[in-house]
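Q: For reference, the chains in residue letters:
2 protein chains.
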Amino acid sequence: MNTALLDQLREIVGAAGVIAGSEVRSRYPGFFMSEIGADAIVRPASVEQVSQVLALCNAAGQPVVVQGGMSGWVRATQTRAGEIALSLERMNAIEEVDLANRTATVQAGVVLETFQNHIEGFGLSFPLDLGGRGSCQLGGNAATNAGGMRVIRYGMMREQVLGLEAVLADGRIVSSMNRMIKNNTGYDLKQLFIGSEGTLGVITRLVLRLRERPTSSNTALVCADSFDQISRLLRHMDGALGGQLSAFELIDHNFYRTNTGAGRHAAPLPADKPFYAIIEALGADQERDTQLFEQALGQGLEQDLCSDAIIARSERERQGIWAIREDLEHLVRDFQPFYAFDVSLAVGHMEAYMREVTTRLRARWPQGAIAFLGHVGDGNLHIAIGAGGENDRHAVETCVYEPLRAISGSVSAEHGIGLEKAAWFPISRNEVERNLMQSIKLTLDPNGILNPGKIFAAETAGSP
Amino acid sequence: MNTALLDQLREIVGAAGVIAGSEVRSRYPGFFMSEIGADAIVRPASVEQVSQVLALCNAAGQPVVVQGGMSGWVRATQTRAGEIALSLERMNAIEEVDLANRTATVQAGVVLETFQNHIEGFGLSFPLDLGGRGSCQLGGNAATNAGGMRVIRYGMMREQVLGLEAVLADGRIVSSMNRMIKNNTGYDLKQLFIGSEGTLGVITRLVLRLRERPTSSNTALVCADSFDQISRLLRHMDGALGGQLSAFELIDHNFYRTNTGAGRHAAPLPADKPFYAIIEALGADQERDTQLFEQALGQGLEQDLCSDAIIARSERERQGIWAIREDLEHLVRDFQPFYAFDVSLAVGHMEAYMREVTTRLRARWPQGAIAFLGHVGDGNLHIAIGAGGENDRHAVETCVYEPLRAISGSVSAEHGIGLEKAAWFPISRNEVERNLMQSIKLTLDPNGILNPGKIFAAETAGSP
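Respectively, the protein sequence lines represent chains L and E.
According to the UniProt record's numbering, the stretch in the first sequence is residues 1 to 464, in order.
According to the UniProt record's numbering, the stretch in the second sequence is residues 1 to 464, in order.
Chain L with its partners taken away, still in its complex shape (with noise of 0.2 Å):
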């Protein structure tokens, strides 16, 4: 990269703005990357610094890829030579809470946890929640369309998002940062930027929608003896709960007995089901709702839409039930080489997908090791597998993608595209779909300096 081009991106960021050489190599990469390849860290203050960087970088044909908390996990903030990753870490303010319109207005750079934090305070609630909360950003959130855990009940990041600050390629500030949760004047242009990894724009401030806190929770674990059960009782607990489901977990069999195992997890239910959920509720009231918490699973049970059900009466039987979903480690270090997916497809399809996923795995590699949990109101499974060795990724990836080429399943629930997927695409998107979202790139982005190469590296005919 050009010595006169770093000069002048340190003009506009100032010396301490920029991060080139040695210093690059040694920052966290994000998982699945060896190091940051980029030729430097720009790190603006401010979106007039941002749209000034990248105004520079298009005149100069310099791709630029924006990082956030790096905490993705399709690699889609990876960089190499040539390239200069962007960093919103130092716009990291929250700058409005406005209680009565429920809403705040922050910078893309606020961590996750911290704005979650920072809300509470007041009585309110950011309902988005997920693993990486303690180090992923807020633009990042928004960038990538995150989901997590409670999606059921307040929908993904795209729901949250109210009204957002975007810079263009050519260094176009496209403010609309809109605070209202009805507006319909024109295209609603921020859709375009919330799940777009960094390709079309970069978000440097968004309107977020807030929610009164809930101040009640009840939680279960149930196990069931088919997937049929568990499909049920989804939709009973859903209706017999009047709008407090707020999360419902599928762990199976694999996943539950290797977080349960000696020296493990302690096992609420015994180890010799199927298949197990974790079932969340949010509401108002503690007594009236853990009342009608039990009744609607009393009901699951006397009809059959499970087999056993334990009800958590602390928080430390709450945090031990929930133990067991989040604890990836004894997984991680049990599947060896450990391939993780996260792929979402009709609830109906999929009792005979899991089924599908592991003949194909085993046909291959007869002790494969997988393990299924996910978020099954939401159509999303993630899947734990250990087999095969550190290059038989393709071949993983085949028994566990091909299958929901028939289904019209999709190849990335939550977590994006980036590179990690880009040879997958084609199954979830059509040619028409990706030659539009091609002539969109093309209409914001003509020189491709954003996150190139990301998304839609794959464009050839057929699968990989």
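What the hints contain is simulated information worked out from the structure, not anything from laboratory work.
Just so we're clear, the structure is a prediction, and the values are computed from it rather than from any experiment.
Where hints are given, some of them may not hold.
Only some residues are given here: those of chain E computed to face chain L with a beta carbon under 8 Å [what the hints assert, rightly or not]: (1) SER217; (2) ASP238; (3) SER428; (4) SER439.
Among the chain L residues that face chain E by a calculated CB cut under 7 Å, a handful are [claimed, not checked]: (5) GLN62; (6) ARG172; (7) LEU189; (8) LEU210; (9) GLN336; (10) ALA340; (11) GLU351; (12) ASN380; (13) HIS382.
Backbone N, C-alpha and C fix where the C-beta goes; we use that ideal spot for every residue, glycine too.
Guided by the hints, dock chain E onto chain L, whose structure is given.
A: Using the frame of chain L, we list chain E on its own:
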């Protein structure tokens, strides 16, 4: 319009599929429009026919205006000589209801109420609801991103659409029939078509999200001495009802008095307060939910968040309360000439805004009538005005729209822009936003055949 083209259209959709001449003039033209001005109404029976019609029109530079149930308020479906109207009324099949996945696949011409009733038969519910339910079509609901009464709980039409099929101006069929709540594979193309008022493509099919059907309901009418009380009561009830709040409708003094005057609807509360609100909760356990509702409302009274409240004790009482909100006949009769508006703004600005509009109106017409009602939880106010003469529309609009400029309000919360508000569009979207929208329009419809002149009509400097 040349007859050769008409003959070609007949070849595509069949002779009965094309309505021309005086029969066009005899069909219902929609609100605020004296007649359908188009040369012909083309009624395809399949997406392939839609594709062929558009490809033909695109090649010929023939403008096409897609029409739904003609219940819009902003003349987005208005046509004139030289244009053809495209009606999807023959594409009205409910193709599939997937109970486990809680989705339905429908053609665009299905009438909302028909669909609602069909879904209720499965013990599920489609929560979008609005006054035009008996005639509006689901394709139109999507094309205009319809809102309505229950947005605070379930979101607008945008949040109900999981996937769609649309035909581009050049006839390409974009099949993006996703059925999952989560699908982060590339850009979310459906967002382009939702709310774009037929200017970017013709929506032909939809995958819609269904919800469990609520089995309890509680409804109250409250009155308050200040808007601040109403605003705080909204937050209190939303929190205290733990997920059940489904409607929070503001009614001002003038509206309440107009609809509860002599010989009109019964007044459950005296007509001497400045503000009223209808509060509705939907849940799953009538006895428990009624206790919760009473408790929450009791706390509201204790904490002085309202001055008085009455809870409906029967379905008849419930309907009596809602009739005060939904009946517009008396207003249309008393307010002459009748002007109706639909704006949105941050809740914290609402009281000052209502005062400002009233002041501006009375400065010009001291006897002018004005009433406010609205979905206050969504930042959405509807305004009814009876002032001036038939030719004073612009002056009346100025009173309503100008005060939105300084507070980043929207000239259209849920009705859209169409032709009716095109002149005021720049108040709510800045030049960069409008230019970006035009770029998208040019990318998807380079010949500008789709609904020309709508949304963007007023691309002149400043206000009209």
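Q: Starting from the hint list further up, note which numbers the structure goes against and sort them upward.
A: 1, 5, 8, 9, 10, 11, 13
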